[in-house]
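A.B. asks: Kindly produce the complete structure, drawing on both the sequences and the hints.
Listed below are the residues making up each chain.
Protein chains: 4
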Amino acid sequence: MSGITVGVLGSQGKVGQAIVTAVEKADDLTYTVGVDKGDSLEFFSDTDTQVVVDFTHPDVVMDNLKYLIANGIHAVVGTTGFTEERLETVRGWLAENPKVGVLIAPNFAIGAVLSMRFAAQAAKYYDSVEVVELHHPQKADAPSGTAYRTAELIGRARAEAGVGPSPDATTSELDGARGAVVDGVHVHSVRLAGLVAHQEVLLGTEGETLTIRHDSLDRSSFAPGVLLGVRSIADRPGLTIGLEELMDL
Amino acid sequence: MSGITVGVLGSQGKVGQAIVTAVEKADDLTYTVGVDKGDSLEFFSDTDTQVVVDFTHPDVVMDNLKYLIANGIHAVVGTTGFTEERLETVRGWLAENPKVGVLIAPNFAIGAVLSMRFAAQAAKYYDSVEVVELHHPQKADAPSGTAYRTAELIGRARAEAGVGPSPDATTSELDGARGAVVDGVHVHSVRLAGLVAHQEVLLGTEGETLTIRHDSLDRSSFAPGVLLGVRSIADRPGLTIGLEELMDL
Amino acid sequence: MSGITVGVLGSQGKVGQAIVTAVEKADDLTYTVGVDKGDSLEFFSDTDTQVVVDFTHPDVVMDNLKYLIANGIHAVVGTTGFTEERLETVRGWLAENPKVGVLIAPNFAIGAVLSMRFAAQAAKYYDSVEVVELHHPQKADAPSGTAYRTAELIGRARAEAGVGPSPDATTSELDGARGAVVDGVHVHSVRLAGLVAHQEVLLGTEGETLTIRHDSLDRSSFAPGVLLGVRSIADRPGLTIGLEELMDL
Amino acid sequence: MSGITVGVLGSQGKVGQAIVTAVEKADDLTYTVGVDKGDSLEFFSDTDTQVVVDFTHPDVVMDNLKYLIANGIHAVVGTTGFTEERLETVRGWLAENPKVGVLIAPNFAIGAVLSMRFAAQAAKYYDSVEVVELHHPQKADAPSGTAYRTAELIGRARAEAGVGPSPDATTSELDGARGAVVDGVHVHSVRLAGLVAHQEVLLGTEGETLTIRHDSLDRSSFAPGVLLGVRSIADRPGLTIGLEELMDL
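Residue numbers (my numbering), protein chains in the order written: chain X, 1 to 249; chain S, 1001 to 1249; chain B, 2001 to 2249; chain E, 3001 to 3249.
Any given hint could be a false lead.
Said to hold, decoys possible - According to the in silico footprint, chain S covers these stretches of chain B (three or more CB under 8 Å from chain S): (1) 2071 to 2079; (2) 2117 to 2124; (3) 2194 to 2207; (4) 2223 to 2230.
Hint data in this document are derived by calculation from the structure and do not stem from the laboratory. Ideal Cβ placement from N, Cα and C applies to all residues, glycine included.
C.D. replies: Rendered as structure tokens:
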């Protein structure tokens, strides 16, 4: 057995299985055990697991974290539903076990995280910014959560820098042509058979444009981000929110 | 003097100047004379001009064509405002001078013409089609006229082939996110500083997509299409509408 | 049972399974039977199969076709290895059964077929043409077969139209920067983790460019082309080579 | 007169004229005077100019800087030819006038600067990185200087992070297909009529890709970067090399 020992909560789910595979393929990580509904969390302690990945359900994730932190096990969490109140509770547990690190992140796709960061950094240097997101036609919401969040970050960065609105001389618009508007940023949602999940941030100023495009071609695209979390979290005690905090940006 | 002799109506306007330059640069064409407001149309006859390019104004273009056709001079026309009634009048003049050819086209950008043609041809083989057009922020209308026309051609091709609507499971939409809808085709209009005139047609089916993109980076992009018209029109007596009719597609 | 009855040769292979699934999902097609190694071809006759899809092996495809044609069954063939001699043999069999239609195609991805066709049609209207193909890093050959074929078609179209070489003032080149050259067309091969199979044809003239891009995001991208063949082949007796022949272009 | 007072060296050159125009259009800047060949540098002192922009020639730029620094005038310099020896000389002059700020930058296109920065930051999180640059066909060198520099920055970032080479299973390559290699990064150069100056950095890992694209559509694309320098340099005494140092990244 070599490297960091890693267990998986929800190891038989679709995402869980992909994470088990990714851990097993990594030379510097050793997969210990999976815990699913009905299994005991003590499996992790019994196998000297150092880091546990949790992609489960809001109903059980708090119990999971309570156990892991109390037992000195680091956690990388992709489960949703963390209110500010829940985060406070987790911080309280961590205060009692100050060596443990917990990462909670809404998005583990490295490209999505980088896209948002770069877009927010670049936003104030350009006159215009718009977002185009493109997804498979089974998607229920438009725009996507990532596009909405990206527009918010861009809007905030521009507001903080005192940048005015993007110029727009449109006087005659067919309803919807100019997209939705989120914090002053126009967002367009394309739905197309054959696509998976894609997003472009377009920034423009006199004579030049910058485009930051992220393509997820496979559901496995969260795996590299989860592994980055697994490798980094032991060196980062306390609560970390968002994968970008572990990145050197 | 070698090749086809070419004159220009409106030679001192912005477009006219660009056409004069393009004609002078072409080895197989010879520029004869420009006629502007106040000049006599007889300059063309006096200089044995074979083809005249007309980018003038709806108020004068009919008088121009009457003279040119009566004097056996072919015409390549980018001036707008041709109603069906006007076209009938031109056809009548041409019937009396059956060797003369006249091309009237709303769009001389070869790439725009090809994009529309290819999009219409491909449309029935894909489950989904959407159009994204991107322009400088001084543009008043959204979507662009070319995008509107492209969507109409796609919609018509799909209707004729009996293809159903593009799949779309959107149940929660922020107003405008899914764009405008033209003949069943979603059209999105981006306005961005630094851009000129650009359009993407996206087509998708299971596991694959096809994208046809046209970029106009300079106002001179009509020149190659005008020269194509100049070189072809003598061999095409009668009235031709649309540059695509001269292309081997 | 409704619509066309369809059988599959090699139904248990990866491609065969995908085709069975696609046939079963189509309302206007009925799946009859699969024939794999060791099974009798008579299964097809016994089940009144009208069209058989063959994605098998060069070693057995000729025997398959001999039986199918003799028994009045149409065939859609993606198996490779058809020399001119083999095609002649198939034509001979078809001459004896003039109502039977056989489609043999090297590429069933509709987007790839359309891309090549559109690129060849557009090539003579542009000063410059280059091809960029992008694939996963496990690919052994560079450029891809499709890119090579695309460049050949472009090169031929330009030669036939008497178009000169693309302008290129490069005097100082780092070895390989300008790509490979196929029939006068520069071809660039990108290999990138996360990609599947993608290709861009870039065409440019004064002030404008046209880009035709094809993305295969999934191995299933041949399915729509196979179904197009299945639906069309009964109305097209004799030998048809290439999916594009069945398309209305 | 309001805001920062700005003078221009080489004000009658193509670049200089564009800068004068940009300064005059900016509400927070006031254009004072242009100095060209034969004019006295004292014009700047006489007009209380605070910042001077220098896009001149390596032969004269050192004399210009000597005067400006000695007279307490900040400088924004796009002129090339700065060896380490020259930079040392400038640092010496600045040491004697510690309130003066000088910015020397090889590239004032904000998008090019951001692209390089983002590419270098993202490079270590991806298995694969390649660069595709696309320019007009009059360009003499391939790859472009910016692409070469981008590849160097990517190569260095990956080396520092201990990331191995991008995976590549190519065993059969048509000469040049895989591009040039700069510090382990494959670089492809497209030359196409109609293009100006464009670059894409493609990064890929399992299931996802990130693309950072920069398009310069007009020679005026250096203007926003020059203005950023003009507005920032007074608050940044001493020598600053590279526009990115003034950006909040």
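A.B. asks: Work down the list of hints and note, for each, if the structure agrees.
C.D. replies: Hints, one by one, checked against the model:
1. 2071 to 2079: Three-residue rule not met by the region 2071 to 2079 of chain B, so violated; n is 0.
2. 2117 to 2124: Since 4 is at least three, the answer is holds.
3. 2194 to 2207: Held - the region 2194 to 2207 of chain B has 4 residues with a Cβ nearer than 8 Å to chain S, which meets the minimum of three.
4. 2223 to 2230: holds (count 3)
In the structure shown, a violation is registered for the earlier hint numbered 1 alone.
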